[in-house]
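Asks: Letter by letter, the chains look like this.
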Amino acid sequence: MAQIIVVTSGKGGVGKTTTSASIAVGLAERGFKTVVIDFDIGLRNLDLIMGCERRVIYDFVNVIRAEASLNQALIRDKHVTNLYILPASQTRDKDALTVEGVGAVLDELRKTFDYIVCDSPAGIERGATLAMYFADHAVVVTNPEVSSVRDSDRMLGLLSSKTKRAEEGREPITEHLLLTRYCPKRVAKGDMLSIGDVNEILAIPLLGVIPESTAVLRASNSGDPVILDKESDAGQAYSDAILRFLGQDIPFRFTEEKAHWLKRLFSMKEREAV
Amino acid sequence: MKNQIQFSKLSNLSRIVQFFQRKKKSAKVAKERLQIIIAHERVRQDKPDFLSAMQRDLIDVIAKYVDINKEDVKIELERQDGCSILELNVTLPNFLDRKENSKEELVVE
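Residue numbers (the working numbering), protein chains in the order written: chain A, -5 to 268; chain B, 264 to 372.
Hints may be right or wrong, so weigh each one.
Said to hold, decoys possible - Below, computed lysine to any residue pairings styled on SDA-like, alpha-carbon distance capped at 20 Å:
| hint | chain 1 | residue 1 | chain 2 | residue 2 |
| --- | --- | --- | --- | --- |
| 1 | A | 183 | B | 292 |
| 2 | B | 291 | A | 144 |
| 3 | A | 105 | A | 152 |
| 4 | A | 183 | B | 282 |
| 5 | A | 5 | B | 301 |
| 6 | A | 158 | A | 66 |
| 7 | A | 224 | A | 194 |
| 8 | B | 287 | A | 66 |
| 9 | A | 183 | B | 286 |
| 10 | B | 287 | A | 184 |
| 11 | B | 287 | A | 188 |
Hints in this document: simulated from the structure, not taken from any laboratory.
Isolated chain A (complex conformation) (with noise of 0.2 Å):
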């Protein structure tokens, strides 16, 4: 049965096209057939990132129109096997997406794929209220500062309320913290919220804590989603991002500040004294 992730988090800039490609790639990579959708219509995105633009012909709309067959606008990803993209349209025309419109899409995607990873655009407007409808997990993307962890408490409250499966009242969408742009220094200075801060306030499971790097900047302007730079700390966190969704348990990694070399000198000396 094909599981719908939605990766959402009101607020705009905190990651989560990145996490949407990186996901979505990760998935495949471990050998799910894949497809992630771009709900920003208007402001299509995820393309760029996975760095398919140019291959753009059809669009999510024009199925939702019968303009395409779903065949015709699914692109499939250069990078890896087993994954495709439905990117958004440039459409602005803003009731082009349409409950009816999605869940058919949805339906007709669940046949063939393992997992649907929805990239939901910023905003409660509809695009980011359809990403999150008919999905039954959720990886909530929030960077350590309070603007995007209120939105990210906001966007839980209309997980447990305004999707699918609340509506039904069936169990409940499973939520995920993704916490990205870590900075290890700057909580160690007392500066940035902690794991700890952001996992206190909104009490959800963390899936993974991506560091600041500057490997994500490298990544999109490349068009090769972060995960697939396995050298780099941002790709490895995903990596095991990936890992503990499908049920392992790793532990954290790049969410300590490396210690001056004449404080490990000491901590060993202490430790061989013990």
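Could you slot chain B onto chain A? The hints should help.
Replies: What follows is chain B alone, placed relative to chain A:
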């Protein structure tokens, strides 16, 4: 002149005191602010959307028959073991020669 010197000494002293006083870390401030605002917003979020609209309509209906201030109507929604209680509190003006404080309780599902 002497005063001025004393003043500058004082400000130097306060600067030194400030230096040693540990400033509250900004992350701690952020956490406290978030905890307060989110707790506040969660309470509001739990209330159904129709509540404020219904409050407006109820005020209009009551105002049609009784001369009341809009501030004299209060609506509260409370949850108690599985049922919600909608409490409508109307302070009626002086009529029938006595000040009346009528309280209607209406039990919704």
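Asks: Confirm or reject each hint.
Replies: Structure-based check of all given hints:
no.	hint	in the structure
1	183(A) to 292(B)	holds, 13 Å
2	291(B) to 144(A)	holds, 15 Å
3	105(A) to 152(A)	violated, 27 Å
4	183(A) to 282(B)	holds, 16 Å
5	5(A) to 301(B)	holds, 15 Å
6	158(A) to 66(A)	violated, 28 Å
7	224(A) to 194(A)	violated, 31 Å
8	287(B) to 66(A)	violated, 58 Å
9	183(A) to 286(B)	holds, 12 Å
10	287(B) to 184(A)	holds, 9 Å
11	287(B) to 188(A)	holds, 15 Å
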